[in-house]
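Enquirer: In case you want the letters, here they are:
Number of protein chains: 4
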Amino acid sequence: MPPTPWAVIAGVGPGTGAALARKFAASYPVALLARNPDNYTSLADEINKSGGKAIGISTDVADASSVKAAFSKIEKEYGSACAAAVFNASGKFFRKSVLELTEEEFTAGYDVSCKGAFLFTQSALPYLLKVAEDNNAKYPPTIIYTGATASVKSNALMSSFSTGKYAMRALVQSVAREFAPKGVHVAHAIIDGVIDIPRTKDWLKDMPPEAKISAQGIADAYWNLHTQPKTTFTNEIDIRPMLEKW
Amino acid sequence: MPPTPWAVIAGVGPGTGAALARKFAASYPVALLARNPDNYTSLADEINKSGGKAIGISTDVADASSVKAAFSKIEKEYGSACAAAVFNASGKFFRKSVLELTEEEFTAGYDVSCKGAFLFTQSALPYLLKVAEDNNAKYPPTIIYTGATASVKSNALMSSFSTGKYAMRALVQSVAREFAPKGVHVAHAIIDGVIDIPRTKDWLKDMPPEAKISAQGIADAYWNLHTQPKTTFTNEIDIRPMLEKW
Amino acid sequence: MPPTPWAVIAGVGPGTGAALARKFAASYPVALLARNPDNYTSLADEINKSGGKAIGISTDVADASSVKAAFSKIEKEYGSACAAAVFNASGKFFRKSVLELTEEEFTAGYDVSCKGAFLFTQSALPYLLKVAEDNNAKYPPTIIYTGATASVKSNALMSSFSTGKYAMRALVQSVAREFAPKGVHVAHAIIDGVIDIPRTKDWLKDMPPEAKISAQGIADAYWNLHTQPKTTFTNEIDIRPMLEKW
Amino acid sequence: MPPTPWAVIAGVGPGTGAALARKFAASYPVALLARNPDNYTSLADEINKSGGKAIGISTDVADASSVKAAFSKIEKEYGSACAAAVFNASGKFFRKSVLELTEEEFTAGYDVSCKGAFLFTQSALPYLLKVAEDNNAKYPPTIIYTGATASVKSNALMSSFSTGKYAMRALVQSVAREFAPKGVHVAHAIIDGVIDIPRTKDWLKDMPPEAKISAQGIADAYWNLHTQPKTTFTNEIDIRPMLEKW
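Residue numbers (the UniProt record's numbering), protein chains in the order written: chain W, 1 to 246; chain V, 1 to 246; chain S, 1 to 246; chain R, 1 to 246.
Quick caveat, the hints were computed from the structure, so don't treat them as lab data. Bear in mind the structure is a predicted one, so any value in this text is a computation, not a measurement. No false leads were slipped in.
Any copy will do: because identical chains look the same in the list, a pair fits if it lies in one copy or spans two.
Straight-line Cα separation of at most 25 Å, DMTMM-like style, residue types lysine to aspartate or glutamate; simulated pairs:
1) 92 with 178
2) 245 with 134
3) 68 with 100
4) 182 with 100
5) 138 with 220
Same shape as in the complex, but just chain W:
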């Protein structure tokens, strides 16, 4: 009998990451990766207490050895079959003229959004392929990446962020083309709008709630992607609230 597969979420915080963790924890043991343990400790407790299974691992996705260590730990705990991997990390954000960005600030977007996504992909793929080879797997193994408006539109003062997000989208498309024929479902989500999370609670304050994206809605959309069969892969979706201008 094949081992129970697990799910891994990188970039867990109080918003989208937490919603994703709860959603996937309803079906799989989950591993929650974040730099700061504050971002996963109480969430892992909550999941474990409510009948799920969760471990949190302090991880810097932009650091190769940190990512490798995280996946080694997951394998040791949960085994070698990954049903779903979600890359939801984003780096520090600098809204600055291209003339004022330091080299470190400029590359910060890429380091997390693209190099981090690459390291995460490299570590996750061997475990995803295990599920792809398992004819009894309930759903095709799935890896989903969280993009943004800046994945397809690069505004003034946004170059640090947008270069990382465009680059991540390129990575996703290349990975999709390479691994879909091997049965891995690779998808990219363009999250176009403000997500309704604790950090944004004062944004768009005089707008109705339909001006923000619900983290739960994102989690449901990612889960629906995961359940698609091998004959029907969606590689890209956009997501925006009904009041978003686009």
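Guided by the hints, dock chains V, S and R onto chain W, whose structure is given.
Expert: Same frame as chain W, but now just chains V, S and R:
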């Protein structure tokens, strides 16, 4: 108490349309539109016998009065609240040099894919808006359009088809931007590959089944779009089988 | 000795069309097509008086027989070799809700922008191919189409216009892929902004002149496309003034 | 009297870079940047002997201090007004599975194509802005970046290259939106095909010459971009040979 809302599928045939009809019939009374009654008669029977509710209406989507008559009939049967409308029609297909197409052949793609989609949209929107105004509606009212590879890539010899599909995508984006703020979920699906239907059973014969898209998978994806809340609208998805080159 | 090739401009008016006509008239006899002779009469006079050669032909680009008659007339006057063809026509513009457009208004955009472009293309191609086969031709024969912001972005209330422009872009890409291998240069220009022409002289009045596109600048850009060799075809350019937001 | 402005080409080699250098040297003193002096020495000699003015500077575009030193040297030689800057550098190319790329190989594409472009942009902009402020400048100051098919399509095994090129395109769009209003013309060229240079002389050997892009054609296209007025900026062009499939 508001009336039970219904769903309407234009372009019902033995493949995707039938899968869509069965999927939405599990939750709503459905109206099945097709030019040829052969395309809906036995399907409507099947739905009615298995506990659902279906009517078939012979409709030419490219003809304004035919579309209007169809919606009048639906309103008379089911009332004025539409939960979901799917435009799945496609016209006759001509693979020809731009030098060899007659004017009629060239415009045939537009007539069904875009003018037909426009007529369908104009008739469906008032009924969709009824559900948008109903605070107790289970899901936001949804209108979904079936696009193709040719909605975003226009190859040689494909101009009749691709001009219609590009134009339909423009229509969808305009309708989405106009009616999302009013609570209508408007979505476009880029179906990129051969759908596994009776008509294509001899295509890609020496390939495994994962070379074709499952009609059921499309129906599930459309249903998932329909269930998205107002905070989390997806306006475009792509769909392809795992073995598709793209 | 091969005949002197000519150029044809469809959609001649007091702005872009006139600038294009003057530009191409410096090198070729030109045929100026417009529905209303007021749009070409004085311009043709001006060109003929200043040493160039021009004929104006009243043409409805959305009418197949009118387009055919125009090209027959050109052939009779100038012979069978076309060096450059520019499709610069646009139909009447309706800024209206999709619910308020009549069928005639909705299809008006397509009729000129796409069906018109198709009819123009079909008539022009045989003459362009003549130049493609001529090894002594100075430049590859070129057909250029004037698009707009609405060729790639379809805003609310713009569906009549944008469906026509998206469809035209699909036509251009298909024609480019079919005829580039035969030596015809096919290009599409996304004109993104207000062109500085008599009709728009009161628009953006409190902005500096760099807020509008110069018709002369468009004409120069099209001419530069025309001079590209067979090894270096540009199939799409965008054009906007330095103060345009995009 | 303002100083004579100069042009700078980064990524000079025996192909496109050399053609660009010769083209811009016909109007401006040029600075030629390449890592290896072999790539510019004889070219600079040739330009200097034939009446132009050229200096070569050994530069690693991915290294901030190297780029800064290069521009200091240019300023010392030629003054502080830059008419045109071309970023034509590309890093080492790895065609490998995402599973087999080392971190160094994966980031190599970004380091040159995007971080290098950023460093080049930061150094060049102050000199370009000098020309933007000069009302007697012949043409708006221009910065052009050489992209590739992989700037918009990310194939399997190409992730190192395509992530860098997508990211560079994001950078260009952000810089364009920030600096166009200040009068700097920012453009991106999607070079879609094999360029006919010494290194590729054995590629596509059984195809006619129109299967490859001419470096001279690219140089002419970039020059034409440079001559566009402030009212008529093209921000993106594609370039392919007539026999390219796309």
